[in-house]
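**Q** Here are the chains, one letter per residue:
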Amino acid sequence: GAGVSQSPSNKVTEKGKDVELRCDPISGHTALYWYRQSLGQGLEFLIYFQGNSAPDKSGLPSDRFSAERTGGSVSTLTIQRTQQEDSAVYLCASSLALRGGWVFGPGTRLTVL
Amino acid sequence: RKEVEQDPGPFNVPEGATVAFNCTYSNSASQSFFWYRQDCRKEPKLLMSVYSSGNEDGRFTAQLNRASQYISLLIRDSKLSDSATYLCVVNNRDDKIIFGKGTRLHILP
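In order, the protein sequence lines correspond to chains E and F.
Using the working numbering, read the first sequence as starting at 1 and increasing by one per residue.
Using the working numbering, read the second sequence as starting at 1 and increasing by one per residue.
Next up, chain F with everything else stripped away, as it sits in the complex (with noise of 0.2 Å):
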């Protein structure tokens, strides 16, 4: 099993919809997850921490199952300017960053 695994789409959503794409990671003593944009032929770029009891920072939900040891990432009232790949980033006990290979999504006019 790979340490961190995501569906590498496309995701092809029309402008306005919600859209949601999973992470899994092998490791359960990762300490900590974070979401990554990357826009074609640039650096990934912060999107937001997942935190266990979950977050919102306007359209975008995160959640984490520790149990079920996946992450979530929910796009809601989606704008053509969401289209991007987005990263799943897991940071294990021993302080190294393990990034999965991306979604990508497409946001159709």
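Bound-form chain E, shown alone (with noise of 0.2 Å):
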């Protein structure tokens, strides 16, 4: 596709649950990174992808979340036993190149009740 895409757009789940969020980046872009966003508020660093080289997962919050990259195209974040502090918009981005702008999906907005 011409842009980044996520799913699902909305996501209301109940609390303990395990969600899986998708991303999909440009075709060709080696850089990934999932950011999360709750309301009026900054952006907030989750994980970095870069080629093949091992993720940086500094930004994760907690042991529930994780992410993967299968074949350096799709990305999935997984939270294991969601908290209601875990509501936000979940952001995912991708970049050809050092230099390049990223782009971003529209996000995922994830509702834990």
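None of these hints come from the bench; they were simulated from the model.
Warning: the hint list may mix true and false statements.
Said to hold, decoys possible - In silico PhoX-like links for lysine-lysine, alpha-carbon gap of 20 Å or less: (1) K96/F to K2/F; (2) K2/F to K42/F; (3) K101/F to K2/F; (4) K101/F to K45/F; (5) K42/F to K11/E; (6) K57/E to K96/F.
To be verified - Selected chain F positions facing chain E (in silico; Cβ < 7 Å): (7) E43; (8) L46; (9) A67; (10) F99; (11) R104.
Even glycine gets a Cβ: it sits at the ideal position worked out from N, Cα and C.
The two chains are supplied separately, each in an independent frame; assemble them into the complex guided by the hints.
**A** What follows is the structure, given as structure tokens:
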């Protein structure tokens, strides 16, 4: 596709359930980031993939969060045993080169009841 | 000191006025700089890159001051449609990008 896509666009889940969020980056983009944004707040870095290098997981808030990127393309962010404070918009971005601009997907709005 | 700092605003500016905001960064090794725009409940979108020599795109001018470690964004002849949050983005050598918290701009009719 022409841009970064994310699915689902909205997810409502009950506290304690696991969720999977998907990101399809722009074809050929080697770098992929996950961020989350709570209402009215700034972007919080979660994890970063670059090519075949080990991902930078320094932003993951707890061990309930994990992410993988298969074949250097699609990425899945998994949140286990969701908590209400996990409610946020989860944004994925990809880029081609070090100095390139990053293109964001539309985000997944996660609501944990 | 935070890695990237911005005045959160809001800046309330009458239509047609000129507005400028700055962003400071702490890592002197930072390599590239950008301004992103984020509309309410939307994803951030690239507004413009910031080059050492300064660059202009229509009503928007971006500048970089490496000695003082800040970048700026100037908007001339502001339009109602310029109302948004403007995010400063810094890219370090390890390709990790750091976002500022954003500056909210409201253009008043």
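**Q** May I ask you to test the interface hint for A67/F with respect to chain E, counting a Cβ-Cβ separation under 7 Å as satisfied?
**A** violated, 21 Å
**Q** Does the alpha-carbon distance linking K101/F and K2/F stay inside the 20 Å limit?
**A** At roughly 11 Å apart (the allowed maximum being 20 Å), K2/F and K101/F satisfy the hint.
**Q** Min Cβ distance, L46/F to chain E: is it shorter than 7 Å?
**A** holds, 4 Å
**Q** Within 20 Å, alpha carbon to alpha carbon, are K101/F and K45/F?
**A** At roughly 15 Å apart (the allowed maximum being 20 Å), K45/F and K101/F satisfy the hint.
**Q** For the pair supplied as a hint, K57/E and K96/F, is the alpha-carbon distance within the 20 Å limit?
**A** It holds: about 11 Å lies between the C-alpha atoms, which stays within 20 Å.
**Q** Take the C-alpha atoms of K96/F and K2/F, compute the straight-line distance between them, and say whether it is at most 20 Å.
**A** Status holds; Cα separation ~15 Å.
**Q** Under the criterion that the straight-line Cα-Cα distance not exceed 20 Å, is the pair K42/F, K11/E satisfied?
**A** holds, 16 Å
**Q** Any CB of chain E closer than 7 Å to the CB of E43/F?
**A** holds, 4 Å
**Q** Given a cut of 7 Å on the nearest C-beta pair, is the interface hint for F99/F held or broken against chain E?
**A** holds, 4 Å
**Q** Go through the hint on R104/F and say holds or violated, using the shortest Cβ distance to chain E against 7 Å.
**A** With a closest approach of 10 Å, the R104/F hint is violated.
**Q** With the threshold set at 20 Å, check whether the alpha-carbon distance from K2/F to K42/F stays at or below it.
**A** Violated, because 25 Å separates the two Cα atoms, which is more than 20 Å.
Violated hints for the displayed structure, listed by number in ascending order: 2, 9 and 11.
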